[in-house]
Structure formats: C-alpha cells, structure tokens
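S.K.: So the chains spell out like this:
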Amino acid sequence: MELLWLVPALPLLGFALLTLARRLVRGVAALIGVGSIGLSMLVTLWIAYSFLVSPPQSGAASDTVWSWIALGDFRVSVAFYLDSFSLVMILVITIVGFFIHLYSAGYMEGDDGFARFFAYMNLFTASMLILVLADNLLLLLVGWEGVGLCSYLLIGFWYRDPANARAAVKAFVVTRTGDAAMLVGFLLLFTSLGTLNIQDLLSKAVSQWPSGSGIAIAAAALILAGALGKSAQLPLQTWLPDAMAGPTPVSALIHAATMVTAGVYLVARTHAIFALAPPVQLAVGIIGVATLLIAGFSAITQRDIKRVLAYSTMSQIGYMFLALGVGAWGAALFHFVTHAFFKSLLFLAAGSVILAMHHEQDLLKMGGLWKRAPVAFWTFLVGALAMAAVPPLISGFSSKDWILSWVWSSPAGGPVLYVLALLGVLLTATYTARLVTLAFFGRERDVPEHVHPGGALIAVPLIVLAVPALFLGLIQTPRSLGGVNLFASFVQGVLPEPGAEGPPSTELLLMAVSTLVALAGLVLGWALGVSQARAHLARREAEPAGSPLHRFLLSGWGFDWLYDRAIVGPYRWLARINQSDVADWIARGFAALSRLLNRLLSLAQTGRLRWYATALGIGAVAIVAMVVFL
Amino acid sequence: MRQYPIDYGLVLSAVLFAIGMAGVFVRRNVIFVLLCIEIMLNAAGLAFVLGGARWGQADGQVMFIFILAMAAAEVSVGLALIMRMFHRFKSLDTNEIARMKG
Chain D
1 MELLWLVPAL PLLGFALLTL ARRLVRGVAA LIGVGSIGLS MLVTLWIAYS
51 FLVSPPQSGA ASDTVWSWIA LGDFRVSVAF YLDSFSLVMI LVITIVGFFI
101 HLYSAGYMEG DDGFARFFAY MNLFTASMLI LVLADNLLLL LVGWEGVGLC
151 SYLLIGFWYR DPANARAAVK AFVVTRTGDA AMLVGFLLLF TSLGTLNIQD
201 LLSKAVSQWP SGSGIAIAAA ALILAGALGK SAQLPLQTWL PDAMAGPTPV
251 SALIHAATMV TAGVYLVART HAIFALAPPV QLAVGIIGVA TLLIAGFSAI
301 TQRDIKRVLA YSTMSQIGYM FLALGVGAWG AALFHFVTHA FFKSLLFLAA
351 GSVILAMHHE QDLLKMGGLW KRAPVAFWTF LVGALAMAAV PPLISGFSSK
401 DWILSWVWSS PAGGPVLYVL ALLGVLLTAT YTARLVTLAF FGRERDVPEH
451 VHPGGALIAV PLIVLAVPAL FLGLIQTPRS LGGVNLFASF VQGVLPEPGA
501 EGPPSTELLL MAVSTLVALA GLVLGWALGV SQARAHLARR EAEPAGSPLH
551 RFLLSGWGFD WLYDRAIVGP YRWLARINQS DVADWIARGF AALSRLLNRL
601 LSLAQTGRLR WYATALGIGA VAIVAMVVFL
Chain L
1 MRQYPIDYGL VLSAVLFAIG MAGVFVRRNV IFVLLCIEIM LNAAGLAFVL
51 GGARWGQADG QVMFIFILAM AAAEVSVGLA LIMRMFHRFK SLDTNEIARM
101 KG
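Chains as they are written, first to last, in my numbering: chain D, 1 to 630; chain L, 1 to 102.
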C-alpha cells in the first residue's frame, strides 16, 4: 500500500501543471488532464489487486505521508486510510472519473477554457480522493471543502452568463449551511473524545457513549446536516437542479457520480455514531424517503433533460439515505456504486444528445433521436433501464432490491417506509420512461437538420460505462437469484450487516412486487411521454400554462419560492436596514472629517503667487522664532 | 579705515531683506517680484560678507560668489519664464495667472 499516496497526488499534480503552465496546446492540456486521472486509476487498480491478493492483517492499511500539525499532544498527520470501503470509493471515483475526463476531452473541444476546465476537474478528483481516503477528520474536511470549491468553480464555469454565476453561488451557500453544522459536529467529537483520527474516534464513541445519549444524538445530527447539504437532501436540496448550469461532464462527475454522494460516504463512515443515536438514524431514513418522493414527483414534470436527471439524482441519493436509515450500510454503498455508473452514463449520453441538438435541452423539442444518435440512444437506454430497476441483469435492480428487502425486514424500517419506497420505484420508472420516450421516440419535433452527437472520444466512454451499468448487478444478487454475495462479503468487515433477511419466499414476493411496480411505471411514463409529445405538436408555439399542481411540481415543490420568502428576503432586508450601524458611523465619521479638512485646505489653494510667497515667509519666520525663543 | 560694529551691517542686511520680502508680498508685477528677490539675495550676501570679515575667513566671500552665480542663473530662468508668461497671458500681473485654484 506504499503507493496509496499517489492516488490523490497524481490528479493534484495534473492540476498544478495545468494551472502553472500558461497557454497549453489543447492536446497537451488534454493529455495532462486525462492522463493524470488515468495513471491514478492504474495505481488504484494495482492497489485493489494487491488488496485482494494479500489483504492487510487488520482489514485496513494506513499510509502516513507526513506529519501535518504537531502541537504538544495535538497531532494531525496527512495520512491515508485504506479499507474495503474506501477501496470501493476510490475505485469508483478513479474509473468513472477517468472515463468522464476522456469524454470531456471530446465534449469541451473548442471551448476557450479548455485547460482551465481540466485543471478544475483534476483538482476536484484529487479533493474527492482525499475526502474518502482521509484517516482523520481534519484531512477529510480539506477534501470536503475542496470538492465544494470545485463544484462552485465548475458550476460557474461559463461565468459570463450571470445566471450560471448565481447558480454557483447558490450551490456554495446552501451546502455551506450544512458544512457549518458539520464543522460544529467535528469540534464536538474532538472536544469530547480528544482525537481526530476517525477509527479511534469511532471506537471511543462506542465504548464511552451509551446508546441514545444526548451527545451522540447531537454529534450525529450535526454530521447529518453536513451530509444533507452535500448530498442535496431535504431540506438543503434546492441547489442541485440549478447546478446543472455547469458543463454536462461536470454534472456527470460531480453532481451525479461522486461529490453528491460524499454525504452518504460520511454517514456510512461514521455509522457507529449513528447507530448510537436511533432518533437521528430514523430521521436519516425519513429524510431519504421524503427526498426520494419529492424529487421523483418533480422529475416527472421537468422539460429540461438535465433537470430531469438532476431530480433523479436527488431521488436516487434518497434511496441511499433510506438504506442508511434502516442500517443497510452495505446496500447504501452498493447503490452508490451502481448509481455512479448508470447515472454518469445517463448524463454523458444526455450530453451527447445535447450536442446533437446544438445545445438545446428542452425534451419537448427532441423526439425520434434513436436513429439520429444511435450510440447515445442505446447507452442511454441501458442507463435508464438500470435506473428504473428492471431485472434481471441491470445493476440498479440488484442494489435497489437489496435496499427494498432491507427496508421491509429491518427493525428500523417497516411496511410504511417500504410502501413509500415502492412508490419511489414507480416514480423512478415513470420519469425515466417519459424521458426516454420524449427524447428518443416519436416524431422529430425541433431536431436540427444535421446532428453531431460527437466523435470517438464521446462514444467510447459511453460504451465502456454501459458495461458495468449492465452487469455490475451480477456481483451481488438476491438469494433467490443465485445469491452471489461478493460485494457484501467484501465490505462486511467495515460495514457490518447483521443477518436480518426474511425467508426466501418473502424475498421472492418483494422482488416480484417491485418488478411489477417498475414495469407499471414504465408503461405510465411511456403514456405520459407520448401524450405530452402529441400535445406539444398540436399546440406548437403556445407555452403550456399547466395546472397549479403541474407548476408546483415543476418548481420543485416551491422550495425555492419558500426559501426566497423565508430566508433570502428577510436576510436581504436585515442587511439593508443594518447598512448604517455603529461600526459604520465611526468609518463614516473619519470620512466626513477628512472631507472637512479637504475643504478647509483647498480654500488655501487660491492660485495666487503672492499668497504662497507670504505663507512661505510667515512660515519661515515662525520656524526661526521657534528656534530662537523656545 | 574706521571699523564699524558688525551690528550696523547686520541691521542694514535685515532691513534690505525685509524690504525685498515686503516687495515680493505686495507687488503684482512679476518683474518687480524678481527684482525684490534679487534684493533679498543681496541682503543675504551682505550678511555672509559681514560674517566673513568679522571672523577673518574667506568663506563669506566664497558664499557670496556662489550667490552671485545662482542669482544670475535665477534671473535668466526667471526672465525666460516671464517672457513665456507675457506671450501667453499678455500681462505681467501675477493675479492673472491664478488658475490653479483648489
């Protein structure tokens, strides 16, 4: 594991090269940007290989790079911690990240900020890797803030449009709200347990805090707040749809595959603390299922292809939080893995569609693209079926089914959560089918004469990512479908799963029910898509006003409206009336005094030579008089 | 040769200097201002010469030579400026060129 430090260091080096070297030729910039991630991926694969062949004694390896802070007893080092959990994370980040970088080389071709784009992307990947590899909370925070910064930079990548800059600021401020709470939580952990090392912290918490104690609940709730902000869960979810202002590869990498799942990572990493705080864990599940449904309903109404995917990301992360809430840590992680593959595939295919449509993102203007952009269509179809959880080989099916069976059987879950999650399955299938129907089937509505869905750099990553989106489910299947248990047993040591599964007959029944629900959703979504396409063709130009319910869902349940009224508006008002407070009086007093002096002194500037001479003379006499008489 | 006390000479020098300075203060014609400056320079020179005579040193006369050289330079520059001023403003009144008001 000596090479572990190279995994985040290589992208960081790429970032440094791209930033320091000015005016790079495009080819060189792409080579550095993509190559650094590629090398990092190779190192990660090598590490994974050696981890599997000769697993470390304790199931985890640690690599201290250097001692960062040493103040008396307070010691923090830059150290990376590798166990099966973080290994899964870095594998996904580097593999998905590499293909998204490769895709970006094609997608961003001809953009003015080509090198800048790759610099930010490399910095992002490095920060994300630091975040998941960090062995103490301080280093984790470095990665956490780093990904937040890169998210801001990349959402506002096309900063000349003020709307993009606003979206970037919104994303930053909203996630910052959670981060502030999270920082307080970290400080609480440090002051009460006296260490920043995550593993020490967890073992101390388990041994020192009784289950359900106030301090455990406070710490878990504060950490959860940070996770909610980063992962765009209720009530801090409003930034994610606007974050689609960034380039499409950014949406794929940051706002689908990796950064938004940092919250899931954090909760799963500190799951021992959450297990000590049952009310907070229950809240995690409820928030997850609420976000799942709210985002699912909103996704059905969106017209912008990327916004549909953004809401679907929120809803899929809702599944992960639901899994965390019922204690299915492994299932949450597995859904993260499959989601990272199929959602980045969906985003990249959508990017290809957007290129083909000459940067038109309105679904109602597409249609019939299946024969115009076949690669995008087939790969999108794979991703869509994976997301809709249609069996049997599709990855999303295995992970979602794992979560659903846990929700049913876990003591923290139960029938209510299960039915709500099942409704989520219906919604997922519905908006996915609607999206596919509107974009790829039916008559071409406003499709341009010549479509350019992109060259080999676009097509190859799509095809490669489609493979895991199809077959990744095979490494973890339900018991009645072979019972392959590779994934769960691999992460067993870090994310324990008490065996709480019901009899196989129940499992088979649950699976059949969710499959039927998903198929029903597909049919519903197809019908919805067809009718909307027909209505659009009939109406042509006139903008559909829609029912109040439709508008309510389109605006994401009015959360933006509510926050504007409840928080942004009063805050602005407070800032306005607070513009002249005591501190300002002092500052303004100085300004007024110097203006007064300025007026007095400018009176002396008459421009008359004789006055100046007189003043000189009087001054000289005064000085001589002072020297003589004093 | 009768020796006068040095005070007489210093008083004369001070009176000359005061006359010159008063002229600079009150005269509006720029040529007279230049003349008054010359008077002040010579008053200062007289004080140097007196000092040199009092202590029997050559330094006073040396300083006066310097002052003469400087006065010559000053007059030539000053007259040139006055020429330009007259060309430009058709006047020698210093109040006429009070444009740089604060």
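It is worth saying that the hints were derived from the structure and are not from the lab. Just so you know, these numbers come straight off a predicted model, no measurement behind them. Treat the hints with care, since some could be wrong.
[Said to hold, decoys possible] To list a few chain D residues with every Cβ distance to chain L over 10 Å, as calculated: (1) 19; (2) 21; (3) 65; (4) 159; (5) 176; (6) 209; (7) 210; (8) 422; (9) 486; (10) 523; (11) 569; (12) 573; (13) 590; (14) 608; (15) 609; (16) 617.
[Claimed, not checked] Ranges of calculated distance between the beta carbons of each label pair, as one might list FRET restraints: (17) D:22 - L:84: 49 to 59 Å; (18) L:8 - D:607: 39 to 49 Å; (19) L:87 - D:607: 15 to 25 Å.
[To be verified] Sample of chain L residues at the chain D side, in silico, Cβ under 8 Å: (20) 24; (21) 25; (22) 83; (23) 84.
C-beta atoms are modelled at their ideal positions from N, C-alpha and C, and glycine is treated no differently.
S.K.: The hint names residue 83 (chain L) as touching chain D; please verify it with the least Cβ-Cβ distance against 8 Å.
M.R.: The hint is violated - residue 83 (chain L) has no Cβ within 8 Å of chain D, the shortest such distance being about 17 Å.
S.K.: Are all C-beta atoms of chain L more than 10 Å from that of residue 523 (chain D)?
M.R.: Correct as stated: the minimum Cβ-Cβ distance to chain L is 85 Å, above 10 Å.
S.K.: With chain D as the partner, please determine if residue 25 (chain L) meets the hint condition of a C-beta pair closer than 8 Å.
M.R.: holds, 5 Å
S.K.: With 39 to 49 Å as the target window, see if residue 8 (chain L) and residue 607 (chain D) comply at their CB atoms.
M.R.: The hinted range 39 to 49 Å holds for residue 8 (chain L) and residue 607 (chain D), with Cβ atoms some 41 Å apart.
S.K.: Using the nearest Cβ pair, does residue 84 (chain L) come within less than 8 Å of chain D?
M.R.: violated, 15 Å
S.K.: Hint residue 24 (chain L) vs chain D: min CB-CB distance below 8 Å?
M.R.: Since the shortest Cβ distance to chain D is 5 Å, the answer is holds.
S.K.: In this structure, is the beta-carbon distance linking residue 22 (chain D) and residue 84 (chain L) contained in 49 to 59 Å?
M.R.: holds, 52 Å
S.K.: Could you let me know if the closest chain L CB is still more than 10 Å away from the CB of residue 19 (chain D)?
M.R.: holds, 49 Å
S.K.: Could you let me know if the closest chain L CB is still more than 10 Å away from the CB of residue 569 (chain D)?
M.R.: holds, 47 Å
S.K.: Minimum Cβ separation between residue 486 (chain D) and chain L greater than 10 Å?
M.R.: holds, 86 Å
S.K.: Please check whether the beta-carbon of residue 159 (chain D) is more than 10 Å away from every beta-carbon in chain L.
M.R.: The claim holds: residue 159 (chain D) sits with its nearest Cβ about 44 Å from chain L, beyond 10 Å.
S.K.: With d taken as the least Cβ-Cβ distance between residue 590 (chain D) and chain L, does d exceed 10 Å?
M.R.: The assertion about residue 590 (chain D) holds, with a minimum of 21 Å to chain L.
Comparing the model with each earlier hint shows violations of hints 14, 15, 16, 22 and 23; every other hint is respected.
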